[in-house]
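Enquirer: The residues making up each chain are set out below.
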Amino acid sequence: MDMQIFVDALVWLLYIAVFIWLSRKGSGRDVMTSGRVGFAILSFAFVATYISAVALVGFGGLAYKYGMQMLLVAAGNVWLGTWIVYRYLAWPTRVCQRNLGARTPVQLLAKGHRSPLLGRCLALIFAVFLGVYASAVIKGAAILLNQIIPVPVWILIWAVAVLVATAVFVGGLRGVLYTEAMQGFVMLIGMVMLTVAVFSKVGGPLSGMAQLAALPPAGPANTGFVSLADGSQGWFIISLVIVTSVAVWAQPQMIQRHFALISARQVDKITPLAMLVLTVLVGGAYYVACLGRLFMPEVASPDEVMPLMVKMLLPDIGLQVFVLAIVSASLSTASAIYHIAVSAISEDLRGKKASKESWLAGIIFCVLLSAGCAQIKGQLIAMLCTTSWSVVGSTVLVSYVALVRFGKRSARAAWISSVTGFLVCMFWYLSADPKFAILPCPWPEMAKIPPFFIGFAVSLAGWYAGWLLDPRRNENSNFWPEAQQAAQDQQAQQDLQVAEDRQSA
Amino acid sequence: MQEIFDTLGKADWAVLAGIVSMLVALVMSLIQLLLRQPRG
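Those sequence lines, one after another, are chains A and B. Note that the numbering used here numbers the first sequence so that position 252 is 252, with each residue one more than the last. Note that the numbering used here numbers the second sequence so that position 26 is 26, with each residue one more than the last.
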């Protein structure tokens, strides 16, 4: 027993030591820049930022209830959320960011669309929504830690918040990327261990699937556990695919990961590794959670599925590693969110470069906001946490993609798109969402359409309206890719000139 | 092989699409990583 406690303590101490060592990688640098970072670090950091404990534990629980249709969500995350992002958005984002001299995602949009006021409004939205969203992530980690550390949850919440804040303060963006990569690696180890244990328990993936197919339909899996559900349950899965795989394109913490890219060639290396890790992580999590139905008792809450499965199947050291994996998922997401929220407060809202003091003040504000909100059980906080991805996605997705992918710059279009996307998405939550509705829904027959869909559609329409109303739209439309093409042509001419000069010499 | 097709045959299009696309992602990314040309 003593030996077991010693080994557990050693594992945790090792984790914390590596965490601190890696967070110091960015010590003494500009907190907004990463410097040169390898492709493996960026791949793992992207996945770790993308996948929070909600995706592993919460959606794992949903997979237990809904069955293998949740693999659609995993496939969406891999193809829409990763492949498309790196194929079409990542490098253009980096080039735009470099050309514009933007240090944060807010500055990218504000400078791109030439509207400093839009930047300040977006900074406020990011600071509030992401600051409060961080409270849910931190609370999740604290609750999980409470299962193995006999300390009250409220103390653990503050401890986790301070730990994340310290990493962000000391390491800046570079430190955050390195710690996230380490956490992504731990998540991968934990998930591989669980997947192997579940497959050996049920006789392999095929045998497990055959047994699952033989089960009668139950609950939300109203057509069985190996098919898409009928009616609203099936639409829920489809909406989950879109929200988690498309709304993610414009999450500022994901956009910022592209700022660290070195070259287009590096993107070609990051893409397969990130896809591989994500496939194993989310594909493995949802597949084994479905199979859990074959050997686990009926559980009351979906959130209990993964922890219970781990307790049933893994030895103590495996349990510790898996808890570390889930805590890592929370910490990595929290540190990415903190970095964005603190940047918004200390630099974007003020409209000038962050100093050491303003960076520290922003971090203290974020710790107080997120850890404070995590202590409160309020409807408003629950709403901000739940709606964060959809609202942020509805607000900036259209103007972000229009800028980096199509080179469209228009303050008017960006304003109309962002304002309508934000307001309509919020309104839809407040009028049509069963959990948060406090206003009458004007179109009850459309109430089942997810808020992100409505917000995105209106934001897109708003963009086109603003674009048509913008008298400068034609002069604005040559930023990208024409500007990039011109730069490449110029570079090619210079190279040619140098070659000719050498030849003549 | 027959067992694989029998098992997959029990799933509907959505689950099959999920499984196949995950497998394609796995194989494609592994091939790309393993066959990556070293820097010249």
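Treat the hints with caution; some may be incorrect.
Stated by the list, open to error - Computed, partial: chain A to chain B, Cβ under 10 Å:
#1 237
#2 238
#3 240
#4 243
Treat the hints as calculated values from the structure; they're not laboratory data. For glycine and all other residues, C-beta sits at the position ideal for the given N, C-alpha and C.
Enquirer: Hints first: check each against the structure and report whether it holds.
Expert: Here is how each hint holds up against the structure:
no.	hint	in the structure
1	237	holds, 8 Å
2	238	holds, 9 Å
3	240	violated, 12 Å
4	243	violated, 17 Å
Of the numbered hints stated above, those contradicted by the structure are hints 3 and 4, listed in ascending order.
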